[in-house]
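**Q** Sequence:
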Amino acid sequence: MTQLTVAQVKERLNDDELTDHELASFKEDSRKGVQQLVKRYDKEVQQKQELKKQYEMMMSFEKNLFQHGFTHVAGIDEAGRGPIAGPVVAGAVILPRDYYLGGLNDSKKLSLKTREAYFDRIKSDADWGIGIVTNEEIDRINIYQATKLAMQRAVEDLSGHPEHLLIDAMELDAISSPQTKLIKGDERSVSIAAASVIAKVTRDRMMAELDEQYPMYEFRNNQGYGTKPHVEALKTHGPSPVHRKTFAPVKDLL
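If you read the sequence shown in the UniProt record's numbering, its first letter stands for residue 1, the second for the next number, and so on.
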């Protein structure tokens, strides 16, 4: 059989129908270029296996609920409890039972590119809902209650009815569905991790829009958090209509 070129070997290694016999022959190929390709291939396979293992570990709560007869399990998470400006946003996601999205994790641990890609995938593949509580509401009822309200609104925004809720560090008294509170849930449950992606990307985009209205605060870069440039802008320009008046240092300037 005619020996494949290095470029052809690369093409075969990227083919999902690569056979064990082909891989074995490539590993025996003495050409440096082929050995580099095989080494890269082995590394990628190992990374995929590690991601699969991590995903399976983060599916433990969902699998346990499936075994107890629940079929529609929703993960709930929020974004924006700590900032001094903008809304708090919650996401709710019911993933398909046999769903797999390798690398899905706490949205803060994902790169911007990956987070955006996963956001589109989750919205396309799953049942999802979004809950938003404005800065005015936060000032009126406090951030803890506002976070619970955002989560409640996200659940109500789902198309289907969740039979059980997996919630990141919260309990929702206003919702009758059975629920499990998980500390650091976005690192322990794929459903909560998916909800964290929905919540964070939604909120980041909202803050980017607010940046166009109030560019002096650089909301696109700080997402409303009290960074040093943000606080300096507050001192210079005063609070905007989207700042949280009950949060320091905003309330100190009023």
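Think of the hints as simulated: they come from the structure by calculation, not from any bench.
Values in this document were obtained by computation on a predicted structure and should not be read as measured data.
Check before you lean on any hint, since a few could be wrong.
Label-pair distances were calculated between CB atoms; the ranges are [what the hints assert, rightly or not]:
#1 K251 to T114: 34 to 42 Å
#2 H237 to S124: 36 to 44 Å
#3 E212 to T5: 15 to 23 Å
#4 A169 to S111: 34 to 42 Å
#5 R97 to H237: 21 to 29 Å
#6 E137 to A169: 39 to 47 Å
#7 F66 to R205: 29 to 37 Å
#8 N64 to V6: 24 to 32 Å
#9 E22 to K184: 14 to 22 Å
#10 N221 to G33: 27 to 35 Å
Dumping the calculated EDC-like pairs for lysine to aspartate or glutamate here, alpha-carbon to alpha-carbon at most 20 Å [stated by the list, open to error]:
#11 K109 to E56
#12 K108 to D139
#13 K48 to E28
#14 K109 to D98
#15 K63 to D42
#16 K39 to E56
#17 K108 to E137
Just so you know, even glycine gets a beta-carbon here, dropped at the ideal spot from N, CA and C.
**Q** Would you say the C-beta atoms of E212 and T5 sit inside 15 to 23 Å of each other?
**A** violated (51 Å)
**Q** CB of F66 to CB of R205, is that within 29 to 37 Å?
**A** holds (33 Å)
**Q** Given the proposed pairing of K109 with D98, does the C-alpha separation stay at or below 20 Å?
**A** violated (24 Å)
**Q** Could you check the hint for me, namely that R97 and H237 are 21 to 29 Å apart, CB to CB?
**A** Violated: the Cβ-Cβ distance is about 51 Å, outside 21 to 29 Å.
**Q** Could you grab the alpha-carbon distance between K108 and E137 and see if it respects the 20 Å cut-off?
**A** Distance ~25 Å between K108 and E137 Cα, so the pair is violated.
**Q** For the pair supplied as a hint, K63 and D42, confirm whether the alpha-carbon distance does not exceed 20 Å.
**A** The given pair, whose Cα atoms are some 30 Å apart, is violated under the 20 Å limit.
**Q** Would you say the C-beta atoms of A169 and S111 sit inside 34 to 42 Å of each other?
**A** Given about 24 Å between the Cβ atoms, the range is violated.
**Q** Within 20 Å, alpha carbon to alpha carbon, are K48 and E28?
**A** Outside the cut-off at roughly 23 Å; violated.
**Q** Using the beta carbons of H237 and S124, state whether their distance is inside 36 to 44 Å or not.
**A** holds (40 Å)
**Q** Take a look at whether the Cβ-Cβ distance between N221 and G33 falls inside 27 to 35 Å.
**A** violated (42 Å)
**Q** Range hint 14 to 22 Å: satisfied by the CB atoms of E22 and K184?
**A** Once the Cβ atoms are compared, 43 Å apart, the range 14 to 22 Å for K184 and E22 is violated.
**Q** With the threshold set at 20 Å, check whether the alpha-carbon distance from K39 to E56 stays at or below it.
**A** At roughly 26 Å apart (the allowed maximum being 20 Å), E56 and K39 break the hint.
Of the numbered hints listed earlier, those contradicted by the structure are 3, 4, 5, 6, 8, 9, 10, 12, 13, 14, 15, 16, 17.
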